[in-house]
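**Q** Given chain X, put chain G in place with the hints provided.
Chains as they are written, first to last, in this note's numbering: chain X, 6 to 384; chain G, 248 to 766.
Since the hints were derived computationally from the structure, they do not count as laboratory data.
Result set (BS3-like, lysine-lysine): computed pairs, CA atoms no more than 25 Å apart in a straight line:
(1) G:LYS487 x G:LYS467
(2) G:LYS613 x G:LYS649
(3) X:LYS107 x X:LYS167
(4) X:LYS107 x G:LYS613
(5) G:LYS649 x X:LYS107
(6) G:LYS507 x G:LYS566
(7) G:LYS372 x G:LYS331
(8) G:LYS649 x X:LYS324
(9) G:LYS477 x G:LYS487
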Amino acid sequence: MADVQPSPAPAKRWALPFNIRVEPRLTEPPRWYPLFTSFLAVVIALIIGGVIIAFVGGNPFASYAHIARASLGSVGVFSDTLVKATPLILVSLAASVAFRMKLWNIGAEGQFFLGAFGASAVVLIPLLPETASRWLFIPLCMLAGILMGALWGFIPGFLKAKYNVNEIISSLMMNYIAVQWNNYFIYAIWTEGGFQMSKVFTKNAWLPRLTDLSASIPWLRGLTVHLGFIFAVIAAVLVWYILFRSRWGYEIRLIGDNPQAARYAGINITRNIILVMMLSGGLAGLAGMSEITGVVHRLQGAISPGFGFTGIIIAWLSKLNPLVVVPVSILFGALILAGREIQPSGIPKMIQGIILVCLIASDFLLRYRVVIAKRGEEA
Amino acid sequence: MESETQSPLVVEMRGIVKRFPGVLANDHVDFDLRKGEIHALLGENGAGKSTLMNVLAGLYHQDAGSVLINGQLVSLSSPRDAIKHGVGMIHQHFMLVPSQTVTENILLGLDEPRFLLRLSEYDRKVEELGEHYGLKVDPRAKIWQLSVGEQQRVEILKMLYRGAQVLIMDEPTAVLAPQEIDGLFHTLRSMVASGKSIIFISHKLQEVMAIADRVSVLRKGKVTAAGIKKADITRQDLAKMMVGRDVLFKVDKKVQEPGKVVLSVENLQAENDKGLPALRGVSFQVRTGEVVGLAGVAGNGQGELSQVITGLRSSTGGKISLDGEDVTNRPALSAIRHGVSYVPEDRTHVGTAPNLDITDNVIMKKYRQPPISRGWTLDSAEAVRYANELKESYEIVVPSVKTSVRLLSGGNLQRVILAREISGQPSLMVAVQPTRGLDVGAIEGVHRLLMAQREAGAAILLISEELEELLSLSDRILVIYEGRIMGEIVGNAEDQATIDAIGLMMTGTPFEKIGKGTE
Numbered sequence: 006m007a008d009v010q011p012s013p014a015p016a017k018r019w020a021l022p023f024n025i026r027v028e029p030r031l032t033e034p035p036r037w038y039p040l041f042t043s044f045l046a047v048v049i050a051l052i053i054g055g056v057i058i059a060f061v062g063g064n065p066f067a068s069y070a071h072i073a074r075a076s077l078g079s080v081g082v083f084s085d086t087l088v089k090a091t092p093l094i095l096v097s098l099a100a101s102v103a104f105r106m107k108l109w110n111i112g113a114e115g116q117f118f119l120g121a122f123g124a125s126a127v128v129l130i131p132l133l134p135e136t137a138s139r140w141l142f143i144p145l146c147m148l149a150g151i152l153m154g155a156l157w158g159f160i161p162g163f164l165k166a167k168y169n170v171n172e173i174i175s176s177l178m179m180n181y182i183a184v185q186w187n188n189y190f191i192y193a194i195w196t197e198g199g200f201q202m203s204k205v206f207t208k209n210a211w212l213p214r215l216t217d218l219s220a221s222i223p224w225l226r227g228l229t230v231h232l233g234f235i236f237a238v239i240a241a242v243l244v245w246y247i248l249f250r251s252r253w254g255y256e257i258r259l260i261g262d263n264p265q266a267a268r269y270a271g272i273n274i275t276r277n278i279i280l281v282m283m284l285s286g287g288l289a290g291l292a293g294m295s296e297i298t299g300v301v302h303r304l305q306g307a308i309s310p311g312f313g314f315t316g317i318i319i320a321w322l323s324k325l326n327p328l329v330v331v332p333v334s335i336l337f338g339a340l341i342l343a344g345r346e347i348q349p350s351g352i353p354k355m356i357q358g359i360i361l362v363c364l365i366a367s368d369f370l371l372r373y374r375v376v377i378a379k380r381g382e383e384a
Numbered sequence: 248m249e250s251e252t253q254s255p256l257v258v259e260m261r262g263i264v265k266r267f268p269g270v271l272a273n274d275h276v277d278f279d280l281r282k283g284e285i286h287a288l289l290g291e292n293g294a295g296k297s298t299l300m301n302v303l304a305g306l307y308h309q310d311a312g313s314v315l316i317n318g319q320l321v322s323l324s325s326p327r328d329a330i331k332h333g334v335g336m337i338h339q340h341f342m343l344v345p346s347q348t349v350t351e352n353i354l355l356g357l358d359e360p361r362f363l364l365r366l367s368e369y370d371r372k373v374e375e376l377g378e379h380y381g382l383k384v385d386p387r388a389k390i391w392q393l394s395v396g397e398q399q400r401v402e403i404l405k406m407l408y409r410g411a412q413v414l415i416m417d418e419p420t421a422v423l424a425p426q427e428i429d430g431l432f433h434t435l436r437s438m439v440a441s442g443k444s445i446i447f448i449s450h451k452l453q454e455v456m457a458i459a460d461r462v463s464v465l466r467k468g469k470v471t472a473a474g475i476k477k478a479d480i481t482r483q484d485l486a487k488m489m490v491g492r493d494v495l496f497k498v499d500k501k502v503q504e505p506g507k508v509v510l511s512v513e514n515l516q517a518e519n520d521k522g523l524p525a526l527r528g529v530s531f532q533v534r535t536g537e538v539v540g541l542a543g544v545a546g547n548g549q550g551e552l553s554q555v556i557t558g559l560r561s562s563t564g565g566k567i568s569l570d571g572e573d574v575t576n577r578p579a580l581s582a583i584r585h586g587v588s589y590v591p592e593d594r595t596h597v598g599t600a601p602n603l604d605i606t607d608n609v610i611m612k613k614y615r616q617p618p619i620s621r622g623w624t625l626d627s628a629e630a631v632r633y634a635n636e637l638k639e640s641y642e643i644v645v646p647s648v649k650t651s652v653r654l655l656s657g658g659n660l661q662r663v664i665l666a667r668e669i670s671g672q673p674s675l676m677v678a679v680q681p682t683r684g685l686d687v688g689a690i691e692g693v694h695r696l697l698m699a700q701r702e703a704g705a706a707i708l709l710i711s712e713e714l715e716e717l718l719s720l721s722d723r724i725l726v727i728y729e730g731r732i733m734g735e736i737v738g739n740a741e742d743q744a745t746i747d748a749i750g751l752m753m754t755g756t757p758f759e760k761i762g763k764g765t766e
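Bound-form chain G, shown alone:
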């Protein structure tokens, strides 16, 4: 550790100010990075982490402040500028061309080769580079054939190929399965060992504690902790600096017996948008007063399952019953009439009508019934009253309910959706990633709302990629992999063995096999 304090500064950012309309995203932020270290940048969504790093990567230009790379003052006006200075950023959403090979993607946008493309020569170079850093990936594979973890490796290789000395990783673990995260951490460590420096952006405390040498915390555009050594701080302290108050890591979950079966799914099959099988025989039940968590890496059929249950996608086989009534392949209206509420994953494209106002958005499932409906007309005064009521009780922060929802922040948008879905007193609630993209404070609020629904006797199917969220909220956890349920974890044992088991199931090992393997 001592040698690290002496290693030279590769990046120094001083007094960075970046303003967006109505928001001060970075307020005189200082940040530095030493050679051969992993410096974690921690903060809630909207704290200004990505903004700061986009300044360093040349995507934004700061309004004030200066950036020094290797002790030299630089003005970065494009990512190309940044990479010239050895700074490369790996974005959360990969910027790869699916139909092209790994090598082609890596060469994309470079000046070399100039005209003739002798791919095999570059394939070899890419392969060598990969071996050097322990980033194994077939240079001739097409991007669409690769797993998310492999695609991420391609992104890293892309930056290394361009000569990056400083790598900025924007929430790199968000898309990975637990085992893949281990692999990533291994790669990161081997890269710093060979002299690269890494900035690791995250809002997940446990990952930061696992990988970082030093930690900086941003809150509301300001630095609340600057380059503290990991050894000098606890997880609780970090959380406090991140949100400005103590966070409840435990959710208040009352002990209660689940009641009768509300949702029953038997051998359900369905196809995805491309016509490929997404669900291959899924069976489970959800009872009143219980939360059933569905864990899985994105794209293993969770989205399709929620759509089939809510009537937005037709199934190709199997059976769905609500309250004992067969509702297989009934229209969405039938699910609504059965009291099924749905918090969709894609809030802007599915959950709301962006150009309509809050009132029009909250009555989406109520406009058919009195008092908002009066025969064929709508009682707009009643609708506005109802919207105001929800605005108060769900703390939607807007000047008026006449505001278009496209102007709302992520947290407020999610509150609008939750307000609408919960206020109908659902018998079954299907919540997909209800806390994605929200900050810690808002997440807590959503968790409390879900727990209140559980106590009120709703059956809840919680689909999430946040293992911690599933573990703390669910009564049972099902794990889905490639459209099949791999197994079920009952109770809320939060020991390492449980987490490992879920991780293994998420990557395709059935529950029964785990037992045999470990025993």
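Extracted from the complex, chain X is given alone in its bound form:
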């Protein structure tokens, strides 16, 4: 093989002392790697955001410091952050469960409204007398909220399972119905003195807050974080357990990855579509219940600044992992809260957007390897 001629090198327009190649990964990256790339993506996003803030004449360091102070700077504001995070966690879990099965439930917003309606109905119909104990009110409100949310998930789920109706369209449309359904009740049935809102719920129907304990523990005064946050964390653990440690969760993951293989394994896909849409709707309904009885304390319009849609983003950022949903939701809660401090819209939305783009881009590193080799070494 002595007479082998070197192959003619392809013409190079520019030459670096090293070559950069991108290769598909043939082995699994280590476990810490996804966390690392996500962290890197957030850092890069903040740098890009900083550059833009500087470009429009702001001081990026001061802005970021302000955001941090306004959302995490004291126990008081951190408690507010958790209040914002609570519904986000629950709707993100709703999205995660459905997306795991590649069911594109984008109706969490509507399911949230119906959950709020269900909880309100317990108080306003009223199903329980005003004097009933809070330990009767809370479970009954929860049950009503979850059931109404699950019903709102059942409808697109049933249509999908039986008639193959696209769940993206049907669940999206159900959102508008849900909002108008609520509007009907606050305009016509439960209107309080002509305003488009119901009367304030009886205290017994409120979810307990930390501030309620301030009579005995004074430093808890003003902390608005409520029992709903605990529900959300428990729900996250429960959903994780269902997905990764239960038979049902195994079926959900199998259908999500390859429905044909799931059919082959003897799994009833039709039934699972309906059940998962109901679980997803129930979680979003619980979010609505928790928000209405923990924060708003009355049924009114505009109870959600688009929680259901932010939940979709958070679910993706968390890679549909229920346990990761909790910290990511808190981060988003902080951004929403602090965002209002520095600018009503604009910069905070922009930072959210940049983080999202960077995180999605960072997925590339999980699938591909970037190889940097000195020139001449690779042949």
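**A** Chain G only, in chain X's frame:
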């Protein structure tokens, strides 16, 4: 033969190196082709045959080494470049537009005609070209109306029309029935007679011995035999060079009497995905301890039959019984509960969940029963233990059972599926093309596993397009054609008459008529 050694070299490939992530596909490979010869390139799957030829066809660019065509150094950066130099490749999977006519497909992508398309003129040209090389095909026919053999002829015509002097055929016989293979060989011979040169890629020894003038063998990216004349080598030698050790052509098959009937299919009818009849009244039985082979050219209802038996497709008529119990149109779960295991043809799309790990993939049919199931939860430690056990006993080569199956090679993927399906100790096993795409070593392993199942008393329905595989493994062979059973061959007579009979049945001649014809 002497004149051939003097005929000029049309292709010379020297020291070709092609690297893929983690794989050295071609390691300093030399290859040459003389004018007017058929040079077979032999090797197992993954030996680097296709890679080498893709370099010659301009699809890949080599990392090192040089390509000379007609003695001239060339740099090929696209198939268009290659065809300009007279090199055309006919791929295993045809690249034709089904809704267009033969002529339209042949003209596709050419600079001529420029704007106005006078099809009739080109129809005539195509017809003339076809007649010249004995490639008869109606230029006005739409591709979807043609048989696979005819479609292949269109692919060849496409290359000839573009002026190809060198034709690379990538496993051209894989999709053909025996009679069609004869036709193809005839065409190939007439093409070399008129001065074309052909590279014939294959991993089937008997075909190589039948058609090639010279043979080169690749193994693990290296040349183990370079341009040896066919007369100078035996089939056994070639096999040895291909796999690096002696291959057992005979499978150890113990003589045993089949027992009671496990699967009974009566007058079964079913439709394919397009709603057209795929099974038109199929009846047969499979007993414990016997292998029933189902031969047929792809797409004659084999896939649908396996799906109906395993409950993945509903039948439109007829009856299926398992162990005497009527299970017609029961869900897939019912078949699983009856101990039916299924090795599907489409491993990635049906047999596995690619993004889940090996553990999740092997418990697919076990997660409902203890010890992996504990009520409504799963015992993940037990699942991992079970996966590791299968990994050991079925020699699945992976760093850990937490590896996603999408990262596995074809052989390992098939072992994962077989491990899962066999470890359930099935009463009936439906195996569709269980060795497709595997190399000789892996094929042997699969055959041994199937034989062990037979000895363990499983009833096995083996659906395959490899006649040799069916002949060596089956106790009986049924032949299916257009959704009907054409006939049955009992015993494992491997004489030419049997093979001819199967070939005739595969192309639509019922068994009874063969008898009358030959006698």
